[in-house]
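Visitor: Kindly generate the complete structure, drawing on both the sequences and the hints.
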Amino acid sequence: MKKLLLAGMIGTSLFAVSCSSVKKAETSQNQRVEYLKLKGDWQIVSVDYEKGFKIKPFDEGADAQCFVGSHWRLIPNNYTGAYTLNGGGACPSITQPIKFEVKDGNTFLFKKIAAGTKAKQNTVGYSLTITNQSTDQFSLVQNVPFDGSTVQVVYNFQRTGMK
99 MKKLLLAGMI GTSLFAVSCS SVKKAETSQN QRVEYLKLKG DWQIVSVDYE KGFKIKPFDE
159 GADAQCFVGS HWRLIPNNYT GAYTLNGGGA CPSITQPIKF EVKDGNTFLF KKIAAGTKAK
219 QNTVGYSLTI TNQSTDQFSL VQNVPFDGST VQVVYNFQRT GMK
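The number in the numbering used here is simply the position in the sequence shown, starting from 1, with 98 added.
Derived from the structure by calculation, the hints contain no laboratory data.
Take the hints with a grain of salt, since some may be wrong.
What the hints assert, rightly or not - With a Cα cut of at most 16 Å, we get these calculated EDC-like pairs of lysine to aspartate or glutamate: (1) K135 to D202; (2) K209 to E199; (3) K210 to D157; (4) K209 to D157; (5) K209 to E158.
Guide: What follows is the structure, given as structure tokens:
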């Protein structure tokens with residue numbers, strides 16, 4: 099009788115653990131599906147923020163409006179990508195390789211990769227929140243600290259190719 103009771107307890111424990119693992123796998127798979135929606139070519143169609151501030155995103159030395167029209171390629175399979183600023187006027191022409199990842203389904207983390215360096219050598223990066231995501235558009239929200247408060251910068255992306 100004791101062996102039967104012990105076998106029943108072990109079986110119940112294994113069942114509970116396996117159900118937990120199945121739920122974690124389903125959650126992970128659902129997050130991966132959302133993550134893969136980012137795959138492809140994107141263009142920033144607008145950058146929204148309080149216009150009273152002078153915003154120069156991602157340490158490029160360029161005004162936030164220089165990012166409007168920029169091209170972003172995201173390749174989730176190997177967590178790489180690049181963005182290109184078109185240049186013109188006071189805006190520089192830049193192509194910047196990046197390494198990125200998505201955490202918790204809505205946190206977009208990326209770091210710029212300098213020529214001749216490996217991603218693991220660069221420990222500085224940027225954290226933005228993914229909002230309004232659909233198949234053909236999404237927004238990235240960046241909270242920029244300023245004088246004890248926070249300025250929100252919203253980058254609105256539109257798909258231009260490669261799904």
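Visitor: Which numbered hints are broken by the structure, listed smallest first?
Guide: none
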